[in-house]
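Visitor: Using the sequences provided together with the hints, build the complete structure.
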Amino acid sequence: MQKIDLKNLTIIELMVAINRRYSDIRALQIKRGKEFIGVSYIELGRRTSDTAYNLKKLGVEKGNRVAILSENRPEWAIAFFGIVSCAGVTVPMDIKLSDTEIEFILNDSGAKCIFVSGKFLDRIVSLKTKLKHLKNIISFEDETKEGILLLKEFKVPASEIAHREIQSDDLAIIVYTSGTTGVAKGVELTYKNLLFEIICLDDLICCNPKDKFLSILPLNHMLEITGGLLAPLYAGATIAYCESLKPTVLLSLMNETKTTVMICVPLVLKMFHNGIMRKINDLPKFKQALIKSMLKISKISLKYHVRIGKLFFSSIHKQFGGHLRCFVSGGAPLDPMVESDFNALGFRILQGYGLTETSPVVAVNDFAQCKYGSVGKPLPGVEIKIITNTETGGREGEIITKGPHVMKGYYKNPDKTKEVVRDGWFYTGDIGYFDDDGFLFISGRIKNLIVLGAGKKVFPEEVEEVVSTSPYIKEICVLGRIAKEGARKGCEEVYAVIVPNLDNFDKNKSQDKQLIKEKIVSELSRLGVNLAAYKRIIDFEIWNDELPKTSTRKIKRKALLELISKKDKKESPAEKKEFIEAQEVIEDDLTLKLRKIFSETTKLAVDKIKLHSNLYNDLGVDSLMKVEVLSAIDKECTVSIPDEIAYEINTFSDMVSFVKEYKKGRTDDVSIKEDEIADIIKSNLILKLTRFVSYSLIKLFAKLYLRLKVQGLKNIPEDKSFIIAANHVSLLDFPIIFCSLPYFKTKDMVAPAAKDYFYAKSLKKNLIGLAFNTFPFERMGNFVRGLRVCSKLLENNKSIMLFPEGTRSISGALQPFKPGIGSLSWELGVPIVPTYIAGAYEALPKSAIFPRPKVVRIYFGKPVYPDAYRKLGKEKTNYEIYTLISKDVEEAVKKLAAKE
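So in this note's numbering, spot 893 of the sequence shown is number 1016, and the numbers just go up one at a time.
One or more of the hints may lead you astray.
No more than 25 Å apart at the CA atoms, straight line, and that leaves these computed lysine-lysine pairs for PhoX-like [to be verified]:
1) K640 / K731
2) K219 / K251
3) K811 / K822
4) K822 / K805
5) K607 / K719
6) K258 / K535
7) K843 / K994
8) K242 / K253
9) K258 / K275
10) K786 / K758
11) K275 / K251
12) K783 / K758
13) K275 / K977
14) K426 / K381
15) K402 / K422
16) K242 / K185
17) K441 / K410
18) K868 / K837
19) K689 / K679
20) K719 / K733
21) K843 / K985
22) K811 / K843
23) K843 / K758
24) K783 / K719
25) K1017 / K977
26) K219 / K242
27) K154 / K381
28) K999 / K1010
29) K253 / K235
30) K597 / K681
31) K921 / K843
32) K689 / K731
33) K242 / K268
34) K219 / K154
35) K843 / K915
36) K786 / K719
37) K180 / K235
38) K154 / K1017
If you're looking for bench data, these hints aren't it; they were derived computationally from the structure. Remember, predicted model here, so these are calculated numbers, not experimental data.
Guide: Written as structure tokens, this is what we have:
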């Protein structure tokens, strides 16, 4: 399919032409549960118009700023194109910013509206009174909240014009390169900047409508906006978003979506590389030797431009989906060993170079011209010069660049703009050189900017400004230091040299080095909450003299770093103490096992991993490495921690606590008292009457209004306890299944009800207690205890109705079943009745208030008996059997669904 010609088309005409050209192709998608949901190109165009029209109605004029704070998802792109269509200016925000940073960016940019996902909605609401210009908050979610607008409700009348015309020189986006106080800089990029990058990247990556992109970089990152969003859509490709960065999840999605291109930072490639090498090293010696020999042969063949890696290592390519054309790497230097090994394995890595101020790509390797170790050649139309030192000679020097990719300037900061843009040339502050073939190589930086392994950038002045507010710190200099060990080995980390303010310490203790260091650690932890986690200080040095300065009183950063590097350390690693660990904690076997897994994954010494070690500050573990650790724990301990919870893990102690909370199988920390069970199954005349009336009214409502149809009642066991395992799509599920059963069966039927939903308020709690026999069940807390209650009820000859998905499905699609039902069935010998409810989602989906008159059908399947699995008892662990039973029940429910 021929690409759309950009010439003679306005921005709006181009967007309309693209949506029409690729109309029915899926543009954006994300996996929710087991299903992919998303929008086609034509639907993306329609929802863009809906959003643009409603933004205009909300008073967004041309050039007004509108912010987006959300994880990657299709709604992010819909919001972005809606802002573009109404001629607004997008302010994309990093989801890891602190409240202080969010407040500054929204006030500095003057954003009138903000689009926000549910994960960050409460934070924005709590900050609302501090936000001077913000008028409207627009949520991506379905849940209604007072004062919050919903994106899904945005519609444009057929007779209205949604868009405003925009020109290529108009401001499109303001990207903040850091997020706090006066140091923050908003980079202004125009449509001309973006269009130039789109065309160049499209040509170099050779995008086409058959391409499948997997988006993993945050959409506030300019490489993801241009290379991972705009360029693929220009070519008619499909973009998939990922809710988790666990390697197993990424590889699974790459297989499901047949990913052809992934844009990423070097640390993601390093994570994949570590996993591959770990598997190779686990093989028998002769297999290791064979594979390593094949790698060497492949590397030699590459020198002669012969690529045999894909042939040698086809099984590894299959793990990545088997369709991958290339990785595009940017944002930080790529480890040469990772690049070399990946290319030997038959993968293509196109490494590039750029900055936010250059939209962002300046140079990149492509399929036709690629040189390992370099960042490629300049984009067509981009000029690059190397400003060499005339005194020292040589070919290295500061990289400066000129062309249609250079930013308009720093928002509201003309002085800072003049410092870096002179006569149209942007001074990058980076040191590099060209080789004889015209490939650009990056040697280092002359600016203070610290670039972490995941591509995150930290401005030392920003950290200094926050930390220097401590009364116990007299002077501070923040530096980027290469880590010599641990997870960040070979990468820069945030390091500080601190001069303590001894005047504010007790005079009797001002010479106590241990107390001083302990206090500084405490202050760094206290003030660190005002910074994003990756910006916090990893390690520091106490300096007892004045820091070295120039004649103008500026700290000599480079000289100080050299002094620190040369300084002999008086304390051996074993003698260093962890002052934040205030008290001894008795450690159990699980803690020791987790510490071993943590050590093996991060390559940190076991003795460095203390219970109260902060993952970021003390252990140098960033979010990507944390995902790898949790993935290893999942594999070794069969404990899968939800991403929402993983996001809250900040210390090793947190990790231990959450693993314990979510550990599958039996535990000994839950005791169920007999009177608690008696209270659940109690019955008296009033309860018998109210529950009979409830049953009768619900059955009448279901028969007349919902035209309820029931199949398979003969499959309900007659004379024994059983478990009903049903799909969960609506609040109607329990009462409809309940009234589908004969009344005599319902008298012994008990169901767990979400504690956070049904028992949060006394009125709701009392009403559900009168109508049904239920008990509170913690969905996100100690759910093991809930299973114990179920177990006790089954032992008391009661039957249980469970929804093994754990929560209602937002899309209506069946979600994976949790192994809890398998545990109950196996341990107690109780059969499970697979049950499928159809039509309830259409009648009362998650966002609806009152049911619609839709036909609802209930299918009861043949029971799954645990006795059939007894022969596996010696071959598999209990947990494996629990999982197998649950999977079989899930498959049985799927077969019932197929009857629809």
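Visitor: All hints are to be evaluated individually against the structure, with a verdict given for each.
Guide: Results for each hint:
no., hint, verdict
1, K640 / K731, "holds (17 Å)"
2, K219 / K251, "holds (18 Å)"
3, K811 / K822, "holds (16 Å)"
4, K822 / K805, "holds (23 Å)"
5, K607 / K719, "holds (20 Å)"
6, K258 / K535, "holds (21 Å)"
7, K843 / K994, "holds (23 Å)"
8, K242 / K253, "holds (20 Å)"
9, K258 / K275, "holds (19 Å)"
10, K786 / K758, "holds (12 Å)"
11, K275 / K251, "holds (22 Å)"
12, K783 / K758, "holds (15 Å)"
13, K275 / K977, "holds (23 Å)"
14, K426 / K381, "violated (30 Å)"
15, K402 / K422, "holds (20 Å)"
16, K242 / K185, "violated (29 Å)"
17, K441 / K410, "holds (19 Å)"
18, K868 / K837, "holds (13 Å)"
19, K689 / K679, "holds (16 Å)"
20, K719 / K733, "holds (12 Å)"
21, K843 / K985, "holds (15 Å)"
22, K811 / K843, "holds (22 Å)"
23, K843 / K758, "violated (37 Å)"
24, K783 / K719, "holds (16 Å)"
25, K1017 / K977, "holds (21 Å)"
26, K219 / K242, "holds (11 Å)"
27, K154 / K381, "holds (14 Å)"
28, K999 / K1010, "holds (15 Å)"
29, K253 / K235, "holds (13 Å)"
30, K597 / K681, "holds (20 Å)"
31, K921 / K843, "holds (9 Å)"
32, K689 / K731, "holds (23 Å)"
33, K242 / K268, "holds (14 Å)"
34, K219 / K154, "holds (22 Å)"
35, K843 / K915, "holds (15 Å)"
36, K786 / K719, "holds (17 Å)"
37, K180 / K235, "holds (13 Å)"
38, K154 / K1017, "holds (18 Å)"
Checked against the numbered hints given earlier, this structure breaks hints 14, 16 and 23; the rest are met.
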